[in-house]
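As you go down the protein sequences, you meet chains A and V in turn. For the first sequence, position 160 matches number 195 in my numbering, and the numbering has no gaps at all. For the second sequence, position 21 matches number 56 in my numbering, and the numbering has no gaps at all.
Worth flagging that the hints you see were computed from the coordinates, not collected in a lab. One should not assume that every hint holds.
Intra- or inter-copy, both count: the list cannot distinguish identical chains.
[Stated by the list, open to error] Straight-line alpha carbon distances no greater than 30 Å define the calculated DSS-like cross-link-like pairs of lysine-lysine that follow:
| # | residue 1 | residue 2 |
| --- | --- | --- |
| 1 | Lys143 | Lys70 |
| 2 | Lys70 | Lys198 |
| 3 | Lys62 | Lys161 |
| 4 | Lys161 | Lys208 |
| 5 | Lys198 | Lys62 |
| 6 | Lys118 | Lys161 |
| 7 | Lys161 | Lys198 |
| 8 | Lys43 | Lys62 |
| 9 | Lys71 | Lys142 |
| 10 | Lys143 | Lys62 |
| 11 | Lys70 | Lys208 |
| 12 | Lys43 | Lys208 |
| 13 | Lys137 | Lys71 |
Here is how the chains run, residue by residue.
Number of protein chains: 2
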Amino acid sequence: MTAISMYKISAPIFVQFLTSLSAVLDKAAAFCEAKKIEPSVLLNTRLAPDMFPLIRQVQVATELAKNGAARLAGVEPPRYEDKETTIGELRARLANTVAFIKTLDTKKVDAAADREITFPLGPTNKGQMRGDDYLNHFVLPNVYFHLTAAYAILRHCGLEIGKQDFLGAIPLKVT
Amino acid sequence: MTAISMYKISAPIFVQFLTSLSAVLDKAAAFCEAKKIEPSVLLNTRLAPDMFPLIRQVQVATELAKNGAARLAGVEPPRYEDKETTIGELRARLANTVAFIKTLDTKKVDAAADREITFPLGPTNKGQMRGDDYLNHFVLPNVYFHLTAAYAILRHCGLEIGKQDFLGAIPLKVT
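Bound conformation, chain A alone:
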């Protein structure tokens, strides 16, 4: 039985999906140019008045991925200033997050399964979970939530993308 490692189900997954989101944003930039749409229109679109707009969905997805991965590796996550206002700046943020995640120590992430992880939960509370629960019941679902919301906002705006754009490069053999 091949062992499933904490690293394998976190870092490469984040890298795969943050990379595919960057490619989707690149398609969104081309769409804006072709249709003479101001990119800020897309970046400020929300699916509901009390949901985050696209720009914040991308910020939160990267925030959760870099914080989650850093805490599993036992290192301090880099702080982001959340000042992005353009598609180019969001793509740079995605690239920086992917680059940061790739620096993390595989063995330290693997060793985090039964370590207690404490993390800020809102402005005053703290959450505490075992490393494997933190990854599988909190970080991954939350990252996927914001990735999907970003994708759905762009579909809602008319961008022609499909499930393959969401998934990105997966180790799949088609016959």
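Model the placement of chain V on the given structure of chain A, informed by the hints.
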């Protein structure tokens, strides 16, 4: 180091999220009743003309979860007829899927990490992936995608739900 098992990162995750989706649909039913809205309006709402409506998002999320879990366990997945037309019928489908997933053999799912999984991909193609890749790069992201889309459609329709409704019962200690 606690071993991460294939079972632990699949079956209980599906159970958690299909259960929380069922509770969200229950809130949607109460919302329809309070606002005198025909539930079929919500069930047929889409975020884009070429995306699935709510009813199909729920069908696909359950389809992917039961097929994914069954293939990892090496058993034939039950066939669904996709005939649901009401919130009650969708909640029954979610409950049936949760009940089916709970019958699967933990050890067989755990042993699937390095087994090749072959699955239908569209009407004519077949996909082939190693069990751990199939779960982490295909089944989980796809299930989360359709769960989030279902949730986002309901937010778009004005249902007052939050991230906690999406996540459901997670093993989290708040201090």
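Exercise for the section: Check each numbered hint against the structure and report the violated ones by number, ascending. Expected result: Violated: hints 1, 9, 10, 11 and 13.
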